[in-house]
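Line by line, the protein sequences give chains L and A. Residue numbers in the first sequence follow our numbering, run continuously in steps of one, and reach 392 at the last position. Residue numbers in the second sequence follow our numbering, run continuously in steps of one, and reach 392 at the last position.
Simulated from the structure, these hints should not be mistaken for lab results. The C-beta atom is built at its ideal place from N, Cα and C for all residues, glycine as well. A few of these clues could be false.
Chain L stretches covered by chain A per the calculated footprint, using a threshold of three residues with CB under 8 Å from any CB of chain A [to be verified]:
#, segment
1, 50 to 58
2, 82 to 92
3, 308 to 319
4, 329 to 337
5, 346 to 357
Which chain L residues stay away from chain A? Per the calculated CB distances, all over 10 Å, these [claimed, not checked]:
#, residue
6, L23
7, I121
8, E196
9, R197
10, E218
11, D276
12, R292
2 protein chains.
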Amino acid sequence: MLRFELLATHGRARRGRLTLNHGVVETPVFMPVGTYGSVKGVLPRDLDAMGAQIILGNTFHLWMRPGLDVLRRFGGLHRFERWPRPILTDSGGFQVWSLGDMRTISEEGVRFASPVNGDRLFLTPEVSMQIQTVLDSDVVMQFDECTPYETKGHVTTEAEARASMELSLRWAARCKAEFERLGNRNALFGIVQGGMYEPLREHSLDALVAMDLPGYAIGGVSVGEPKDEMRRIVAHTPHQLPAGKPRYLMGVGTPEDLVDGVANGVDLFDCVMPTRNARNAHLFTRFGDLKLRNARFREDERPIDESCTCHACASGFSRAYLHHLERCGEMLAPMLATIHNLHYYLNLMREMRDALDAGTFDAWRARFEAERARGV
Amino acid sequence: MLRFELLATHGRARRGRLTLNHGVVETPVFMPVGTYGSVKGVLPRDLDAMGAQIILGNTFHLWMRPGLDVLRRFGGLHRFERWPRPILTDSGGFQVWSLGDMRTISEEGVRFASPVNGDRLFLTPEVSMQIQTVLDSDVVMQFDECTPYETKGHVTTEAEARASMELSLRWAARCKAEFERLGNRNALFGIVQGGMYEPLREHSLDALVAMDLPGYAIGGVSVGEPKDEMRRIVAHTPHQLPAGKPRYLMGVGTPEDLVDGVANGVDLFDCVMPTRNARNAHLFTRFGDLKLRNARFREDERPIDESCTCHACASGFSRAYLHHLERCGEMLAPMLATIHNLHYYLNLMREMRDALDAGTFDAWRARFEAERARGV
Chain L
17 MLRFELLATH GRARRGRLTL NHGVVETPVF MPVGTYGSVK GVLPRDLDAM
67 GAQIILGNTF HLWMRPGLDV LRRFGGLHRF ERWPRPILTD SGGFQVWSLG
117 DMRTISEEGV RFASPVNGDR LFLTPEVSMQ IQTVLDSDVV MQFDECTPYE
167 TKGHVTTEAE ARASMELSLR WAARCKAEFE RLGNRNALFG IVQGGMYEPL
217 REHSLDALVA MDLPGYAIGG VSVGEPKDEM RRIVAHTPHQ LPAGKPRYLM
267 GVGTPEDLVD GVANGVDLFD CVMPTRNARN AHLFTRFGDL KLRNARFRED
317 ERPIDESCTC HACASGFSRA YLHHLERCGE MLAPMLATIH NLHYYLNLMR
367 EMRDALDAGT FDAWRARFEA ERARGV
Chain A
17 MLRFELLATH GRARRGRLTL NHGVVETPVF MPVGTYGSVK GVLPRDLDAM
67 GAQIILGNTF HLWMRPGLDV LRRFGGLHRF ERWPRPILTD SGGFQVWSLG
117 DMRTISEEGV RFASPVNGDR LFLTPEVSMQ IQTVLDSDVV MQFDECTPYE
167 TKGHVTTEAE ARASMELSLR WAARCKAEFE RLGNRNALFG IVQGGMYEPL
217 REHSLDALVA MDLPGYAIGG VSVGEPKDEM RRIVAHTPHQ LPAGKPRYLM
267 GVGTPEDLVD GVANGVDLFD CVMPTRNARN AHLFTRFGDL KLRNARFRED
317 ERPIDESCTC HACASGFSRA YLHHLERCGE MLAPMLATIH NLHYYLNLMR
367 EMRDALDAGT FDAWRARFEA ERARGV
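Kindly produce the complete structure, drawing on both the sequences and the hints.
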């Protein structure tokens, strides 16, 4: 099931509530990424404590490991990874596409060799729906071809982007048919493609809206394009999607990207940035970003951010201590950094929801930008 | 300060209470090892929740990184690593000894090149006391030479072990003098050496007892000797130490070693085994040990140990899930394994304290051995 209520709007920005089979999600929301059934570096208990409402899993990775036999035995991903709240899974399309020369794309689907054991595999819209049904994902993404911004220096032309987008539309129809045939009771989202070309985005959007799916995503952004290109598409597409359905901007982004996305009417985001950057000692804060490896933190007794209420900051771990842990390669460095960064992202969304509830989103945004520019 | 109360005895086994400047420690106790100011893979909050009473730090490592200037700024190790309870530190002797060809031992101390930046350094009994005073360790260990069991295939002779033990005794006297000169208000422990030779152990013990230190350790075991040699020394030395003072068996060991140590009158233990083995997917349980990488766990829906109350077991993470995380190199595998193993070790000690309180240690021990032999 999926129910979406629009609670408030402010310009294009929206405050909503999404009800899925495993629970309620207040939007706009950030979804931490749990590729292999684990959000890297953090206990599910701590994810829950910091207010994560919905997390991602990657269909391709979970298909490879642990494999469908194991996931079927556990009745899906929720029980396997001990996360009782909603889960969204991607379709596997982006991952097989990323295999480059190791895969062949045809009308039927994508042939490739398993990077784990070399098995010859075939991922199609139907197979993607079958896997996501085994996973019991609350939100199932259509199998699509993620149109690249460029390939080995060649920027995708409009004709290439059109052909790719049209293939994704044909795959969307096959996904819908298979999803229904399987009797899946969760929600299938379509993905708007079309590269950096607005007319193609509109064509994709119209065709998907005509399919009357319960939600829509904007794909093919944050794939290596210049930031202003991304901003152009984010300003163009989301607000044209049906107002009564949730909108998901895939794989985005920095704190500034999230704020820009919300301002443009996006409801859901996911990105590996808070977790991956944490493992690279890159911390996000209200007052700008902080690189723990910088020697200036060697004797710094302050927490990462005095105004932050995450476990790492509230427990008083100092920048000097975190710098030391990072330098010594101690696991506690990425553990605390992951808690901090995810808390920052989740809290950023919470602040936006509160500002939308209170009708003060513009003032909130001005303060956000001023504080981020201040520097730590 | 140090106060030690003997609450109960059972044969040679003892139930005690150790009061240190940062708190009370119920003995017998296991001390998790936090080499660089972090017990690897676990948040201090979780260490506290699982009942850790006292943890270790390594003087040599902390001297190298973060360095004394940083530790002095934080007023010692407790505030730096956010651990308010007692801390014991070793003397640095074992680590400089481990540098092998990179160090030179003389009567005065040990000259070596810093493995971090190549600086030429000189560690002496006095310097060790000075560093441990900056760390504000609740228990300060004397600087000693850890007599090796063998060196490049040559088993240490009685004459070599005697010379080494006598050097450690002279260093103990220098440590005591420097500790007093510094006005250190914590507690200095002497270390009984003498290799695998009982007469040397007795000589060392008598000389140290004559110095009237507040506690004593048994060093130079668990350094590569055959298990029966270790058991022989553990059966020989601890119970001859003064009954009214705490006894610490350094660097030991397996669950069976801890039980054997307690039965022989040991009060304190430390070892990297629970944390290091966790990172190698080796789990300790009541019913024997479990190697997570074993393919037989691929579909195993059971927790590590159904009778265990640690966060990993009580939250229902399955062997299949942990096997999967380990296979994928996910950080959550060592995180959950560390919680489980430390909980197992701390709980093992808790069970022994309870059995000593109840006067049922022999029965407890028989059950422990039968259960461990059962297999998971």
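Hint by hint, here is what the structure shows:
1. Given a C-beta distance limit of less than 8 Å, the hint that chain A covers the segment 50 to 58 of chain L holds, as 6 residues qualify and 3 suffice.
2. With 5 residues carrying a beta carbon less than 8 Å from a beta carbon of chain A, the segment 82 to 92 of chain L meets the three-residue requirement, and the given coverage holds.
3. Given as covered by chain A, the segment 308 to 319 of chain L passes the check, having 3 residues with a CB less than 8 Å from a CB of that chain where 3 are the minimum.
4. For the segment 329 to 337 of chain L, the assignment as covered by chain A holds, since 6 residues bring a beta-carbon within under 8 Å of that chain's beta-carbons and 3 suffice.
5. For a cut-off of 8 Å, the count of residues in the segment 346 to 357 of chain L with a CB near a CB of chain A stands at 6, and the three-residue condition holds.
6. Every Cβ of chain A is farther than 10 Å from the Cβ of L:L23; the closest lies at roughly 33 Å, confirming the non-interface assignment.
7. For L:I121, the shortest C-beta to C-beta distance to chain A comes to about 26 Å, beyond the 10 Å cut-off, and the non-interface label holds.
8. The claim that L:E196 is not at the interface with chain A holds, since no C-beta of that chain comes within 10 Å of its own (minimum 31 Å).
9. A cut-off of 10 Å between C-beta atoms confirms that L:R197 is not in contact with chain A; the least separation is 28 Å.
10. Against chain A, the non-interface label of L:E218 holds: every CB pair exceeds 10 Å, the least being about 40 Å.
11. Against the 10 Å criterion, L:D276 stays outside the reach of chain A, whose nearest CB is about 31 Å from its own CB.
12. Listed as outside the interface, L:R292 is consistent with that label: its C-beta sits roughly 12 Å from the nearest C-beta of chain A, beyond the 10 Å cut-off.
In summary, the structure agrees with every hint in the numbered list given earlier.
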